[in-house]
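Colleague: Listed here are the chains, written in short residue letters.
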Amino acid sequence: MSTASDAPVRAPGFHVSREVQQLAYRLLAVALLCAALSFAAEAFFTANNILNVLRQASLLFFLASGLTLVILTGGLDLSVGANIGLSACFAATAIKATGSPALGTLAGLATGLVIGICNGLMVAKLRIPSFIATYGMLWVLHGITYYYMAGETIHGFPPGFRQIGSGYFLGVPIPVYLMLAFLLAGTAFAQRTIWGQQIYAIGANPVAARLTGIPVDRRLILVYAISGAMAGVASIVFLARLNSAEGDIGEAMTLPAIAAALIGGASLFGGIGSVFGTFIGALILTLVLNGMNLLEVNANWQPLVTGLIVVLAVWLDMAGRRRG
Amino acid sequence: MSKSKLLAAALPALLISTAALAAGETIAVFTKNQTNPYFQTVRVGAEVAAKSLGAKVVHYIPTKPDSIPEQLSQVEDVIVKKPSAIVFVPVDYKAMVPGVEQINDAKIPIVNVTDRSAGGKFLAFVGADDYSLGLETARYLLKSLGGKGNVVILEGVKGSLTNIDRVRGFNDAIKEAKEVKLLASQPANYQRLQGLQVMENLMQSHPQIDGVLAANDAMAIGAIEALDGANRKAMVVGINGTQEAVDAIKSGKLLASGDYNGFLQGCIGTMVAIRSLRNEPTVTEVVLKPTVVNASNYQPYDSPLESRACPSWSEAAAMAGK
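Each protein sequence line maps, in turn, to chains C and S. Heads up, the first sequence is in my numbering, so the first residue is -10 and it goes up one at a time. Heads up, the second sequence is in my numbering, so the first residue is 56 and it goes up one at a time.
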């Protein structure tokens, strides 16, 4: 295991090679899972199912990728699921009221972003521990959403808007392109920009980061804002894909999003992790559900199987890293 | 002369006394959460009934959906506030028994709605039977399929009472139809997104799916989105009779939805409570017969909840006849 002090700050070259090595182990875990599934279920290893899994992983990835940046600073954003719920409901209302998908999309993204900025201000300026600040935010958001929706759903959106979630381009689902775009942008931001390196540095050692002149508060606000905005992105894809908004849509997604980042190698202590790792994490969680459905694992055993595979994947990864 | 004067004096007095009787009651309505549209129908049913009888309703809803500790503390609150009567949906039919016993000790009359409590004393139970709801909804689908074809089941939350009975009803209906093949029965936890994803996954391994039985409407509509996305067709049924399901039935996307009659349950539960307070005859058990909402009978469901009317007491009492 690496310690906080050897997390890279100034040496991107060293950092990347180490990352690559760690990611290789994680990819190995995915490959093992895929190999086992191909062997057990003939429908698994088909182009159709691979695109299906990627599309399913996209929602979780949007949510988890922004969250990864927060975790890199040593913080946590528990409000991402509740954020999706409110952003989706506001976006749905805006589309219904104005008839304009563009305005609706803007409303969803803006809601997510504003929530993220509020989280960032609470953490950076008021010095509230991120767990508490975002846990409080979670309840505030649930409260607003449940009151606003009063148990109703908003459904039926224009076909053009639905393309974002259910459309295809050259045979590949649109959400998969979006996921690849955010994967590239997120990786480039975290690994190749000064700001990205500063985020790693803050997580590795916040005191040292402050002393070296990194504008810690501004970077913290930035990562929570990104996390909120990504929840906004997820809410738009969710709406376009499900054609419906209801108050509790995000509730079941917060823990899987955190799990995706951690399975992908992020450390809750900060400074360690990557957007690509989180992509792998989201993929593993999605593969587990896909595999269980294809193999028709009895409903009674599904939670148990999920738990075992998640723990096994992380254990393999850690064992591999120790050796590496 | 003096006699009619007396009558004239007595008449307003009589009116005042009934008015006083009618306006006094406060009914505390306990439901499980603010998120499931079903409980909204129960709450609106209770409000409509109370309004027509001149009583008022106060709602108790856990902020964390289905939270046992929160409902327990709301029970403690309500005992202090002493409403005239309580209409009670336990968040958990076993865990809330001590709460019900506290209410019994405080001598507040209480009606049990939706989920039958495992203990405590109630004026009446008003609910629907999940098993026959599952059975009738599935029978409707299988009949529409012409008694043959491949079907899949999308189950709700494993271990929840409603899910166990609904899925048992589905399975028994499938057993009746010899030429129907059950391809898979997988959990999607009553969630729309999981309904979509599980259906997408099942379509990977099953090239021909003719019917989908979902244990609630949200999963059914998720499954329809999955079918549409893959350009495939299947007949889909759900359960709950939500507004969204009615819209989907109207547009021909959803075949049918078994109605759990939340609105009626709210109505009748509240009517029983108020009638008992006014010493009018009531019933002790109403188990509503399932209605399968489909393209031929959805019209009454296609209006805002608030504008629907509760049944008259004689109609409600007739539903109790079992």
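Honestly, the hints are just simulated from the structure, not real lab data. Heads up, the beta-carbon is just placed ideally off N, CA and C, and yes, glycines get one too. Incorrect hints may have been included.
Sample of chain S residues with no beta-carbon within 10 Å of chain C, all distances over it, derived [said to hold, decoys possible]:
id: 1; residue: Pro153
id: 2; residue: Glu191
id: 3; residue: Pro242
id: 4; residue: Asn244
id: 5; residue: Leu251
id: 6; residue: Arg287
id: 7; residue: Thr339
Some chain C residues near chain S, calculated using beta-carbon distances under 7 Å [to be verified]:
id: 8; residue: Ala36
id: 9; residue: Asn38
id: 10; residue: Thr87
id: 11; residue: Ser89
id: 12; residue: His144
id: 13; residue: Gln152
id: 14; residue: Ile153
id: 15; residue: Phe158
id: 16; residue: Gly202
id: 17; residue: Asn232
id: 18; residue: Asp237
Colleague: Does each hint fit the structure? Answer for all of them.
Modeller: Results of checking the hints against the structure:
For Pro153(S), the shortest C-beta to C-beta distance to chain C comes to about 26 Å, beyond the 10 Å cut-off, and the non-interface label holds. Annotated as non-interface, Glu191(S) keeps its C-beta farther than 10 Å from every C-beta of chain C; the closest such distance is 23 Å. Listed as outside the interface, Pro242(S) is inconsistent with that label: its C-beta sits roughly 4 Å from the nearest C-beta of chain C, within the 10 Å cut-off. Distance check for Asn244(S) against chain C: the nearest CB is about 7 Å away, which does not clear 10 Å, and the non-interface claim fails.
A Cβ of chain C approaches the Cβ of Leu251(S) within 10 Å, the least distance being about 6 Å, so the stated non-interface status is violated. Taking the minimum C-beta to C-beta distance to chain C, about 12 Å, the non-interface status of Arg287(S) holds against the 10 Å cut. With a least CB separation of 29 Å from chain C, Thr339(S) remains clear of the 10 Å interface cut-off, as annotated. Restraint check, Ala36(C) versus chain S: the minimum CB separation of about 11 Å is more than 7 Å; hint violated.
Interface hint status for Asn38(C): upheld, as the beta-carbon distance to the closest one in chain S is roughly 5 Å, under 7 Å. Annotation: interface hint on Thr87(C) violated; nearest CB of chain S at approximately 21 Å, more than 7 Å. At about 22 Å, the closest approach between the beta carbon of Ser89(C) and any beta carbon in chain S exceeds 7 Å, and the interface hint on this residue is violated. The interface hint given for His144(C) is met, as the beta carbon of that residue sits about 5 Å from the closest beta carbon of chain S, less than 7 Å.
For Gln152(C), the interface hint is violated, the least distance from its beta-carbon to any beta-carbon of chain S being 11 Å, above 7 Å. For Ile153(C), the interface hint is violated, the least distance from its beta-carbon to any beta-carbon of chain S being 13 Å, above 7 Å. With a cut of 7 Å, the hint placing Phe158(C) at the interface with chain S is violated, because the nearest CB-to-CB distance is about 14 Å. Because the beta carbon of Gly202(C) sits about 43 Å from the nearest beta carbon in chain S, more than 7 Å, this interface hint is broken.
With its C-beta approaching chain S no nearer than about 6 Å, Asn232(C) sits inside the 7 Å limit, and its interface hint holds. The beta carbon of Asp237(C) comes within 4 Å of a beta carbon in chain S, closer than 7 Å, and the hint placing it at the interface holds.
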